[in-house]
Amino acid sequence: MNINHQLNRRAMLQRAGMGIGSLGLASLLQQEGYGAAKNPLAAKQPHFKTKAKSVIWLFINGGPSHVDTWDYKPELEKRDGQSLEGFDRFTGFFSNAVGGLMKSPFEFKKHGQSGKPVSSIFPNLSQHVDKMAFVHSVHTESNNHSPALFAMNCGLPRMGYPCVGSWVTYGLGSESDSLPAFVVMSDPKGRGLPKGHAANWGAGFLPSVYQGTHFRPTGDPIDNLKRPAGMNADQQRRQLDLLKTLNQQHLEANPFEEELAARIESFELAYRMQSAAPEALAVDKEPEHIRAMYGLDDAKCKHFAAQCLTARRMVERGVRFIQIYSGGMENQRSWDGHNDIAGNHTQFAGETDKPIAALLQDLSQRGLLDETLIVWGGEFGRLPVAQKSKKPGRDHNPHALTYWMAGGGVKGGVSYGETDEIGHKAAVDKCHINDLHATILHLMGMDHEKLTYRHNGRDFRLTDVAGEVMKEIIA
Amino acid sequence: MRSCLAIGGWLVLLLNSASAEAPDFNREVRPILATHCFTCHGPDANTRKAKLRLDEREAALEILAPGKLDDSELVHRIHATDPDEIMPPPSLKKPLSAAQKDVLKRWVAAGAPYAGHWAFSKPQRTELPKVKQANWARTPVDRFILARLEREGLQPAARANRERLICRLSLDLTGLPPTPAEVEAFLNDTAPNAYEKVVDRLLASPRYGEHMAVAWLDYSRYADSNGYQTDGSRQQWPWRDWLIGALNENKPFDQFTVEQLAGDLLPDATLNQKIATGFNRNHRINGEGGIIAEEWRVETVIDRVETTGATWLGLTIGCARCHDHKYDPFSQREFYQFYSFFNNVPETGRLAGQSSNTKPLVSVETATYKAQVAELETFVKQSEIAAKQAAAELPQLVKAWAPKFREELSGQKVIWHGVGEATVTSKGGAKFERLDDGSWLPSGPNAVHDTYEIRIPHAAGPFTGVLLECLPDARTPNQSLGRFSNGNFVLTRVEAEISGAKGKPQPVKITRIEADYSQKGWDIKNVNSGIGGKGWAVDGPTRRQPIKALFLAEQPVTLAEESTVVLRLVCATLNQHNLGRFRLSLTGATPAAVSLKGNSIPAEVHAALEAAQPDAKQLAVLEKYYRAHVANPVKAADDRVTAARKKLTDLSKKLPTVMVMEEMAEPRKAFILNRGQYDQPGAEVKAGLPAFLPPLPEGEAMNRLGLARWIASGDNPLTARVWVNRAWERFFGVGLVKTTENFGVQAAFPSHPELLDWLAREFVEPTQGIRVAGQPARPWDMKAFHKLLVMSAAYQQNTKPNTDTYAVDPDNRLLSRGPRFRLDGEQLRDRALYASGLLVEQIGGPSVRPYMPVGVWNETTRYGDLRNYKHATDEGLYRRTMYTIWKRTAAPPSMLLFDAPNREVCTIQRSRTNTPLQALSLLNEVTFVEAARRLGGRMLRDGGDSMESQLTHGFLWAVSRKPTARELAVLRAGLKEDLAYFTANPESAQKLVAVGESAAPEDRWAERAAFTLAANVMLNLDEFVTRE
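Protein chains in written order, with my numbering: chain C, 7 to 481; chain H, 465 to 1492.
What the hints contain is simulated information worked out from the structure, not anything from laboratory work.
Mimicking PhoX-like on lysine-lysine, the simulated pairs with C-alpha atoms at most 25 Å apart in a straight line are:
1) K1426/H - K250/C
2) K558/H - K477/C
3) K852/H - K863/H
4) K477/C - K431/C
5) K55/C - K557/H
6) K417/C - K116/C
7) K558/H - K50/C
8) K1455/H - K232/C
9) K232/C - K1334/H
Just chain C, same shape as in the assembly (with noise of 0.2 Å):
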């Protein structure tokens, strides 16, 4: 059925471009575009063939310094203590608190054959820096959470535009058959979600079906995935039974109902998730070393362990963009280090690097890193000054931020664009959020040009009217 009605929708097509009478029809099914088919989660081919199938985005949240981080910048050591000439103070948020420039806390050694600097603070992470390409040059538009996490998520500083992960599986739709296509988790240790909660893997204007669904923390993952008290599963097989068998015949009443078959299909996927979700949640069933290796027994870190376990069982399992949230909300709730830049880091590092190392090498282990993109990177990198405080922190700096990418067919041990020496401002091969998405789209095989949907009688696209893909960190 589901053939006939491709064939009678490009029959229409055809005899609409060529004729008068059904042109208005056409366009309107034109608008429909990429949107049209059946499942708008099927399957869909990509606009040209590339290794990577999902995406997990490691968001830093909060801002990590990337100077403290891997913006290695000597020349900080050098002026440390001095003034800035020139500095604008409102760059940051906090215009009253401004110190002089401030050398790392952390020490820099160079790691793996491409001999890439990296902070002290990463023991683990700096063991795989050959399998990262770093955007040292990444830009945003906002000095302010909210807006910053909406540009990075989803390419304008306001709230209510489609996410990157929204774009991703509008385009290519899902893997599979018993999970959400998107998914995002978010701190489980009580420290809020990031700023603008929910907006940031918001659909916008897309259909909402392409919205991220948000793991809870605690508690049921998903609302009403529970049966209901009383029902057991075999029951609630046979409800369903009952259900398709009187749909069915509904359907042989109203045999050309795509809605109604699909809503069958929906049905039947919110059965299988019922035990599919708790299952890719269920990380303890993983064998001990695996366990060991990503830090599930180490106190420190072990929430974001199982939370980067859980996703590469959602890779495995055909999930197509996974999103982690490493913190919360601002201040010392996640990454934000505006007191106490090396106490902060610390902790946050200490909370990621040993995880993150293991999802690498767990991933590279099982041949899964060639399909899967990893992307590490929050809302705006800071600046190279101190934020005067009884320990000195940083203030947000959305002139510059380092982004890392490794799998997915990313060239690794290599570097691209440059920040001024001191780190203030991405200076050489500039990449502004709207490069970033481009690259991005690009290794999930979908050129961001093509990438649209009409609304409000005008084609959206993810990168609005720029974007150029960084090729040179495409292997």
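Given chain C's structure and the hints, the job is docking chain H onto it.
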């Protein structure tokens, strides 16, 4: 070309592609130009390339060379192969197809005629099309639909059966299905106007207004919270009540419009007309610390422009905020001219308080409220009269009482003497008011740490210590005892010294300290302990009871003449935790005889009692004391007055307010904001209308009221078209113009343009004699228009298409069959509650709290009053879904699941997705499971004696028709199996029939559980989820 089309069929279509006739500009040419050319050669002067614009014929003439294909630069460029020449340039990535090039070529060949955008010229009534099957048509609407179907060689579908029709009508007009009795009555009604009678009944139902209001709530971004970070509560429900009322009373759409946009500016505006303007105050308001208020005020005004433009005009005006509109002839200047209509509200841009309404406001005195006030006022007056009458007896009463009281007192020693004259000062600048009972009430500055110094003149004699009484007061924070914002205090030290006429003041060492109450961890023993961070506190935020404490020296100190007792009450432990209202009494008794309970009679009362012949002043003292402190009829009457007055003030505090529009006497200046930034003003602009639309009606002022009347005018080409198209979408699933939110140049072309225009005129000037509630249709009559649509044959078609029709019209844009679409989330929940008998129908009022997932609000908000969601345990669980409390940052999850917008901004169209998470909600969510068990109970109770009749009864409630024999057999088989299981597993049965807050049954668990599952299946049927 049209005459060719009348022949119909493939041949004509093929011939057309080679035709040299001019393509229709609006239908075919403009969409190509708009999509492929206007980005660089359109209305926006800033992005225009090569100074060429193609949206105006005059400007494009040179490159068009109308009628001369060989000279036409446009034709040449679109066919060029050189990448430097070809248009659109490859870099735009919007190449033209061969068919599109052909359209442009034929257009140029035919003289390149332009036409204004169809939606920007006033709609005209065309003659009704001629049709072959004229007897199929029930209304003029059908003539248009049928003409188009006949042109395509299609047959309309048969009329749906009566069960379908009444279900469809009930859901579409009221949002709720019919009862089995209503279905039965309709099936048995043989009157020729049986269908119309159902329509009239439904239009008259108050459910109509509730149902029609939901979409308008989306447009107006209605919510019960302020949005942004804290997202605390607000009260706008009185506006929602107005909306429901206006729809139910069938307020004509022009009035409906004017009142919402500018009701406050109408002459002698009524309270209701002011409340109506809440429409444009439903936007978010930011209260975050550190925001720049003006930035957010500008955002608010822009939000009003966008919302008004989208709601009434179907225009995406917001695009012109930063630059001239890319597609529509709407310049940035015109945007800010429009902006200035909404720029004159006396507002700051900042939220008034985290959980309150922000000015301008009006108080909403409902009829119930007014009645309550009148009743209480009468009661207060009566009590006052009674008290006055009782007071006449005072001298007699006091005369009788005083000797007895003196005698009573003579038997015991007065221990505590109330402080008479004294001076009180505050180190922190607080002011003190002496109250009738001798207590002091501090007010004014509440210093970080304050010390109250009380200087009390004392006669010669012994002084042992002081009694401190702390008293709750309505003027203290939280009506409590302390001055901190939560009503608490922490007393750190009490110092006493004697200041004589001569010499240095002598400190008195306090050795005994007691209180009749201490807060845990803040014991009275901490006072004067010298331990840092400690002190005496009294659970001010929660307790609010009078408290006593005493501070005694080891031995009485003997005072000389003209001494002064100086007391210092020091609150220096916590910031601003200073004492509230307090009273002091002194004693000279030996410490052993002193306790907290000792009596305390003010000195002047004592003196008056002792006086052999009390003078007038002393009599007054006695009367005052007697009236306030001794149980007697006058005091009882006084207490009644106090209580009545308190009730009245409490009631007025509960009086709801609603945020409304108001106009400043002197309008604010408005400027073009560069790139839409509040801090980058350019040229100043005055209120004005876009040039491509008609001018202001004569006699109107260029202000918000004039704008409202301009929008609500029959000459406005957009207003009526936009509204009738949305009405069409409501009843037919898809608008005649599919982009119901956008009627600009980028709008989808109407599927039936002549019908759209005919309907728009018919809405403004009815001609069809449609009657609602006995009255003929008036101009802008919403109910009459809805009736016109549902009376059509097109609306009454069966949803089942035949194969041939489906091949040509798969998406039913030609209306070759009845439309079928998924219900909105609100309707689904309401339908389940209704079928189960749980629905509590009550129109209007504050929002309610049904079931939601645990912790639904906590994850998004760490601040504000909307945290810790708790569902109601009463009828609030079962009200219609439109009354569910709406917190913007955590909108009801099950509504979002079914594509409701989050109401952050105006939303015109909801999508209709179909996801497994929806299925999980219908299968497992407590709302639906509880509804299933109640529907199961209904089957057992009302469904007769056999399983078949019981299942049939349930099926009728769920989907408004009887099951087929096959369906019944399937349901029966399932039921039997479940019954066997639950009979063997009674515990499971008991659990299942106890889901939800409504009373669990006490008997027949296995049967009830099995019927619950049968009902669960019925409430998950596609037919339940869909309106068909």
